[in-house]
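*Asks:* Here are the chains, one letter per residue:
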Amino acid sequence: MTESDATCNQLPEPLRGIVQAVLVPGESLRAMFQPDLDGRREFCEGLVVLTNRRLLAREGAELRAWPLDQVTRLQARDRGGLGTLEALGPSARLACWYHTVGRAGAARDLADAFDRLTAGHGPGESVPDDELPVPEGEKTAAPANVRSLFRLFRFARAHTAALALGLLLTLGGTAASLVPPYLTWPLVDKVLEPYQDHVKEARSTSGISDREARSIEREREVGFRRVGFYLIAFAGASLLAWALGWAQGWVLAWVSERISADLRNTTYAHVQKLSLEFFGTKRTGDLVARISSDTDRICSFLSDTLVDFVADVLMIVGTAVVLISIDPILAAATLCTFPLIAWLTVHLRDRLTHGFLHGGRAWAEMTSILADTIPGIRVVKAFAQEKREAERFGAANLRIIAANDRVNKVWTFFWPAVAMLNQIGLLVVWVVGAWEVFSGRVTVGVLVAFLAYIGRFYARLESMSRMATNTQKAAASSQRLFEILDRPPGVPEPAHPVHPDKIRGAIEVRNASFRFGSRQVIDGVSLQVKPGEMIGLVGTTGAGKSTLVNLVCRFYDVSEGAVLVDGTDIRSFPIAEYRRHIGIVLQDPFLFWGTIAENIAYGKPNATRAEIVAAARAARAHEFILQLSDGYDSMVGERGHTLSGGERQRISIARALLIDPSILILDEATSSVDTQTEREIQEALDNLVRGRTTIAIAHRLSTLHKADRLVVLEHGRIVETGQHADLLAAAGRYAQLYQAQMQLGQELGSPEPPRELPPTLSEREGGDA
Amino acid sequence: MSDNDDANLIRLHHDAFGRLVVTLANGQSHSGVVPVRAFPFSAPDQWLSLCDESGHEVLCLTDTAALSPETRDQLAAELARREFIPRILRILRVVEGGGSSQWFVKSDRGETNFELTSEDNIRRMGSDGALLIDSHGIRYRIASVPQLDAHSWRILRQYL
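In order, the protein sequence lines correspond to chains A and B. Reading the first sequence from the start, the letters are residues 1 to 769 in the working numbering. Reading the second sequence from the start, the letters are residues 1 to 160 in the working numbering.
Incorrect hints may have been included.
Said to hold, decoys possible - SDA-like cross-link-like pairs, simulated, lysine to any residue; straight-line CA separation at most 20 Å: (1) A:Lys200 x A:Asp189; (2) A:Lys604 x B:Ala43; (3) A:Lys604 x B:Gly126; (4) A:Lys530 x A:Arg709; (5) A:Lys604 x B:Ser42.
Claimed, not checked - Residues from chain A that face chain B, not an exhaustive set, calculated with beta carbons under 8 Å: (6) Ala597; (7) Arg609; (8) Ala610; (9) Val613; (10) His622; (11) Glu623; (12) Leu626; (13) Gln627; (14) Asp630; (15) Gly631; (16) Tyr632; (17) Asp633.
Since the hints were derived computationally from the structure, they do not count as laboratory data. Quick caveat, the model's predicted, so the values are computed rather than measured. Glycine residues also receive a C-beta, built at the ideal position from the N, C-alpha and C atoms.
Given these sequences and hints, build the entire structure.
*Replies:* Below, the structure written as structure tokens:
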């Protein structure tokens with residue numbers, strides 16, 4: 001099968017026909033691209049086809065064609081979400097197609113195919129595909145489109161036994177609580193009424209004989225005994241219902257606590273797996289709110305509302321059955337308001353869900369402000385923006401009020417409405433009941449029992465309507481949680497993992513591209529690094545240096561091309577196993593809340609004290625640690641506030657040293673400290689770099705004096721590679737950068753090229769807390 | 001620096017100014033050294049470091065057991081002179097107020113009270129120990145929380 005047939009057969013049906021219709025005999029398809037915008041940048045599906053002879057384009061019904069010798073170049077570009085593909089002739093532009101950025105890859109593929117076709121490979125010749133097969137990533141199942149609350153059952157499955165027990169207890173409790181009102185019926189009709197009638201009768205037949213008086217006396221004793229029996233049964237049933245209710249409450253609260261903990265754990269573990277891109281777009285406070293308060297709402301829903309709901313449904317059904325069995329007409333009267341309530345509930349439910357979702361978002365916005373400004377409090381104070389921050393917080397709070405007011409209006413109307421409907425129901429029952437008693441259809445006892453039941457029945461209906469609120473709240477919360485859980489991890493685990501045993505550290509970046517949103521950050525970079533070699537990445541801010549190392553660390557996956565380590569695509573390695581071989585020292589080292597020893601051993605929690613001390617010594621951190629009041633057991637705060645920038649940096653170098661990585665990434669490791677500290681850190685770094693493949697980024701070119709090779713990046717492309725002296729001699733981009741720094745250094749009278757950025761606030765602080 | 005093989009040859013004495021002088025196994029001596037525990041809580045009796053006046057490490061002892069008994073006693077005495085970490089034997093009462101709390105305790109150094117500025121200043125140490133750091137940075141240890149009497153334990157449980 002030729003390449004063109006294969007390409008053609010992969011097309012979806014309507015396209016295949018269209019494409020085949022325009023091809024002339026002997027012509028074969030090479031590449032195809034579907035622009036999705038027309039000349040006025042309005043959405044419109046088009047088609048551009050490259051064959052071995054012609055370039056064809058269809059816009060609407062019109063078909064245009066250019067023989068390949070008329071076309072000199074195909075040029076694909078994109079900017080700000082809009083992409084263009086231009087066909088250029090020898091003297092003029094032949095055509096221009098617009099597309100959204102989602103199709104930019106296909107446009108580039110078409111341009112590449114054109115280049116291959118015109119460069120060397122004659123027409124009709126098949127181009128061998130020498131690209132590496134992309135390792136297959138683990139597939140994440142698409143989220144099932146079921147109501148989010150039902151999806152919580154996934155978490156309930158582990159506790160089926162306890163849930164079943166809880167349900168059983170609920171059933172028992174409900175049954176037991178149905179008994180007492182039932183007892184009022186025989187109590188009235190069989191005991192109280194006959195006795196009363198008997199007494200009345202005797203009184204009316206003027207004068208009570210001794211015999212009659214004795215019989216009344218006897219009946220009174222018997223009646224009393226029966227009353228006692230009924231009341232004891234009454235009390236017993238109530239006691240039983242209470243005990244079962246207690247047991248049921250405890251069991252279900254126990255389960256729900258565990259389910260919500262599972263939910264929190266699962267969500268948090270999933271969040272940890274998401275790509276850096278996700279954290280770049282989500283606000284911390286929002287995530288915190290989802291994991292903490294949303295799971296809590298679900299917990300309270302599961303423990304209280306859900307159980308109550310089941311109990312209420314059982315109770316209502318049970319009561320309805322009993323009512324109908326006693327007297328169908330009265331039962332119908334009791335239930336007359338029920339359809340109204342059901343209609344009201346359904347009608348208001350969606351408004352409630354939307355309202356609560358809105359409220360949840362407003363709440364997340366408020367916590368986001370907290371999570372933003374509390375860590376950044378020094379900036380706030382330095383710029384004297386306390387008042388404005390308070391106002392910003394106040395504004396977020398106002399939005400919470402507005403969102404909640406709207407939803408409060410709905411449910412505050414709802415509950416009293418249900419209560420009123422119940423009152424009406426009661427009235428109807430009295431009317432129908434009185435009529436039935438008068439017409440002799442039922443006894444007073446039946447009416448009394450009915451009224452006793454109805455009290456419970458309506459109370460349940462009311463509590464169910466209250467539940468609608470909580471249910472919608474929980475539904476909104478679980479929707480927010482599943483929004484996170486349904487998001488596939490940014491870098492998928494390999495479907496067929498290759499386990500790296502020992503990594504030598506040979507890195508090859510093969511024609512890698514990476515786009516961030518619509519921005520092409522890395523554009524066809526190829527770079528080979530030998531094991532143990534140190535590469536210095538140089539370039540202006542935004543040239544793509546950090547992105548390139550992020551690709552090597554696999555914080556992101558390349559959009560095109562591949563990154564290989566020791567000849568294997570890094571997408572074939574299990575992520576954790578691969579990263580174990582990578583040490584990273586960042587510009588602003590992050591220390592976790594914990595002791596210094598724990599922070600150094602972060603990448604290897606089972607490290608011995610000897611290993612920790614050895615790493616700290618090599619990182620030149622040992623002696624300053626000994627000067628702290630608690631040595632290696634000293635606590636360092638959220639961001640290591642009690643240590644200076646240089647000290648924190650050396651701890652992070654010790655952390656990288658301890659895992660003994662074969663690949664080392666230094667991302668501006670020295671740029672946020674003063675020159676003196678930089679010297680100390682440089683010593684520590686020299687220890688770290690020895691024998692490892694190193695990629696170092698630095699603005700201060702002096703930091704890279706030990707690099708074996710310098711790679712100059714510009715706009716995501718490599719523009720120069722070589723050693724310092726060679727690059728200077730070449731008088732290219734590097735020489736310009738270097739001269740600029742030297743010049744600036746001399747102007748300021750400093751012996752060293754100055755840093756690119758002024759010192760940040762954070763590094764002047766915290767030096768000697 | 002760390003030279004545990006010849007640890008029994010290490011000698012300590014005080015000079016005429018009361019400064020501690022260490023004589024290493026190779027005969028070199030350093031005066032004005034200060035013993036420092038590298039892991040004061042997680043491994044108090046291992047990883048002892050002797051630092052000179054400018055903070056440079058002169059000697060690192062991974063295990064004091066290797067020292068001659070005499071030197072070990074001297075070192076222990078020197079550490080005792082330098083350290084003040086009272087051990088809490090009994091918590092009498094805690095008075096809460098305005099975000100901080102006043103703790104009245106009985107310690108191995110006598111009865112005292114101190115202020116804790118936040119609950120973060122109570123930390124678990126090891127499996128069942130605890131450490132309290134007061135507003136002046138003085139540290140109080142509880143060797144074993146479960147072994148406290150019931151009254152103290154009830155109070156502490158609210159904070160741990």
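*Asks:* Hints first: check each against the structure and report whether it holds.
*Replies:* Going through the hints against the structure:
no.: 1; hint: A:Lys200 x A:Asp189; in the structure: 15 Å, holds
no.: 2; hint: A:Lys604 x B:Ala43; in the structure: 19 Å, holds
no.: 3; hint: A:Lys604 x B:Gly126; in the structure: 19 Å, holds
no.: 4; hint: A:Lys530 x A:Arg709; in the structure: 11 Å, holds
no.: 5; hint: A:Lys604 x B:Ser42; in the structure: 17 Å, holds
no.: 6; hint: Ala597; in the structure: 7 Å, holds
no.: 7; hint: Arg609; in the structure: 6 Å, holds
no.: 8; hint: Ala610; in the structure: 7 Å, holds
no.: 9; hint: Val613; in the structure: 7 Å, holds
no.: 10; hint: His622; in the structure: 7 Å, holds
no.: 11; hint: Glu623; in the structure: 6 Å, holds
no.: 12; hint: Leu626; in the structure: 5 Å, holds
no.: 13; hint: Gln627; in the structure: 5 Å, holds
no.: 14; hint: Asp630; in the structure: 5 Å, holds
no.: 15; hint: Gly631; in the structure: 5 Å, holds
no.: 16; hint: Tyr632; in the structure: 5 Å, holds
no.: 17; hint: Asp633; in the structure: 4 Å, holds
Violation of the numbered hints given earlier is absent; every hint is satisfied by the structure.
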